Amino acid sequence: MVSLIDLLSNIYAPIQTMILPYFSIADVINLTLICKGFDQLQSTFMATVYSIDRLLGRFFDDPLEFRSLQGKYEAIVTGHVIHG
Amino acid sequence: MANDQSNPITQYIKSNGYEEHSWANEDAKEYISTVTLPGLAITLFCVNTMPIYELLSNCAVTASLYFITWNKAYALFPYKIPVKSECYLLQPMDNPILSWLRFFQSIGLTINTFSWVQHRTTLRTEVDGDTMELLSLGQAEHDVRELARYRRIGDKHTWMVNMDTRGLQVPDTPDAVLESTTFRLVIQSDGEEDSEKVSRYSISCDDSLKHSVLKYRYVTINDFDEHQDRKESYYSARLSALWDRLNETTQLQLSPIPKKDRPAQYIAVLNNTWLASEIKGGFELPSTSKFYDDEVIAFLAIKSNRWV
Numbered sequence: 001m002v003s004l005i006d007l008l009s010n011i012y013a014p015i016q017t018m019i020l021p022y023f024s025i026a027d028v029i030n031l032t033l034i035c036k037g038f039d040q041l042q043s044t045f046m047a048t049v050y051s052i053d054r055l056l057g058r059f060f061d062d063p064l065e066f067r068s069l070q071g072k073y074e075a076i077v078t079g080h081v082i083h084g
Numbered sequence: 085m086a087n088d089q090s091n092p093i094t095q096y097i098k099s100n101g102y103e104e105h106s107w108a109n110e111d112a113k114e115y116i117s118t119v120t121l122p123g124l125a126i127t128l129f130c131v132n133t134m135p136i137y138e139l140l141s142n143c144a145v146t147a148s149l150y151f152i153t154w155n156k157a158y159a160l161f162p163y164k165i166p167v168k169s170e171c172y173l174l175q176p177m178d179n180p181i182l183s184w185l186r187f188f189q190s191i192g193l194t195i196n197t198f199s200w201v202q203h204r205t206t207l208r209t210e211v212d213g214d215t216m217e218l219l220s221l222g223q224a225e226h227d228v229r230e231l232a233r234y235r236r237i238g239d240k241h242t243w244m245v246n247m248d249t250r251g252l253q254v255p256d257t258p259d260a261v262l263e264s265t266t267f268r269l270v271i272q273s274d275g276e277e278d279s280e281k282v283s284r285y286s287i288s289c290d291d292s293l294k295h296s297v298l299k300y301r302y303v304t305i306n307d308f309d310e311h312q313d314r315k316e317s318y319y320s321a322r323l324s325a326l327w328d329r330l331n332e333t334t335q336l337q338l339s340p341i342p343k344k345d346r347p348a349q350y351i352a353v354l355n356n357t358w359l360a361s362e363i364k365g366g367f368e369l370p371s372t373s374k375f376y377d378d379e380v381i382a383f384l385a386i387k388s389n390r391w392v
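Heads up: the protein sequence lines correspond to chains A and B, in order.
Quick note, the first sequence lines up with residues 1 to 84 if you use this note's numbering.
Quick note, the second sequence lines up with residues 85 to 392 if you use this note's numbering.
Calculated from the structure, these hints are not laboratory results.
Among the clues, some could well be false.
[Stated by the list, open to error] Under the rule of at most 27 Å between Cα atoms (straight-line distance), these lysine-lysine pairs were calculated in the DSSO-like manner: (1) A:LYS72 to B:LYS299; (2) A:LYS36 to B:LYS299; (3) B:LYS364 to A:LYS72.
As the structure is a prediction and not an experimental result, all values here were calculated from the model.
The following block holds chain A by itself, in its conformation from the complex (with noise of 0.2 Å):
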């Protein structure tokens, strides 16, 4: 039988796609505070759905050059972006 656990993995990657999009930061953690098979969400999440660059992006058309600022003057980023 098919799990959440494997709708939210690689194994069926279309689907995850779609899933993903509906799911907040706080269901990513809820989740993988349940269950280890939630181990890989996180990450997965953040290099999707939460894609600092895709954040960014929005901002600034080349988000590497940004963050390349931002690390060379110690700067950090804040605010209602986070949240939204």
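Mind docking chain B on chain A? Use the hints.
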């Protein structure tokens, strides 16, 4: 970093089609997008200290303690906020804070003053003359422990996520400098001003660990005054010892410098070691100077449950 046109981050923001909108205050400028998504805004704060110190000192509520560096995302209270949907007030309730409170309420967070249990609970007890942490806290007090314990950004209580760094230039400053930041929530009782009528937490931290024998600056819990009326905590005793070592090594570092090249405060530093953290950059270091950042980072990495 100065908040003017020469600032590389300002230049980068403007090159992406943003126009300066208005002054929020002397150190903060707002930029509005005219190209990508008209109306999209960025507020840039330029500070002369570590940005994390400004965030800890000025954030409205504990839910504000989410941030992103060049390579990692951090959530300092990852259980309370996304899972329990609650956060705690950290500033007086004046106008700039109210807009943040409205925002956090709009995304479904309950805003609390401070843990009601903590008001009648202590995390310390005296056993044979030693201050010990209470071990038998009930379920309700777990909330208190989560909020009141000594914290380090890089500790196990922070939700820290590594981000893809392919294609990025790696900066000189190691992550350990930011992750060595220690802080603690302390209850701020109501004061005289109207905006201070509501009790709340405030964040205890200090950014003065910046001796010339250190390459980087560090933010640490400001625990000295808090314990004047009771036994000194393990943490504050250790931090005091660390300050002594850094003051001494700074004096030692200054001594071999030819008289004409010494900082103007040389004699004052010899007589008042607290000045030792204030002279960085005011003189040229000998080429043989040793830096003590590794020792400071190792000290601050002590498990926080030993700090009480």
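Hints, verified against the model:
Between the alpha carbons of LYS72 (chain A) and LYS299 (chain B) the distance comes to roughly 15 Å, so the proposed pair stays at or under 27 Å and holds. Of the pairs offered as hints, the one joining LYS36 (chain A) and LYS299 (chain B) is violated, with about 41 Å between alpha carbons and a cut-off of 27 Å exceeded. Note on LYS364 (chain B) and LYS72 (chain A): the hinted pairing holds, with a Cα-Cα distance of about 20 Å set against a maximum of 27 Å.
Hint 2 from the list above is the single one not met by this structure.
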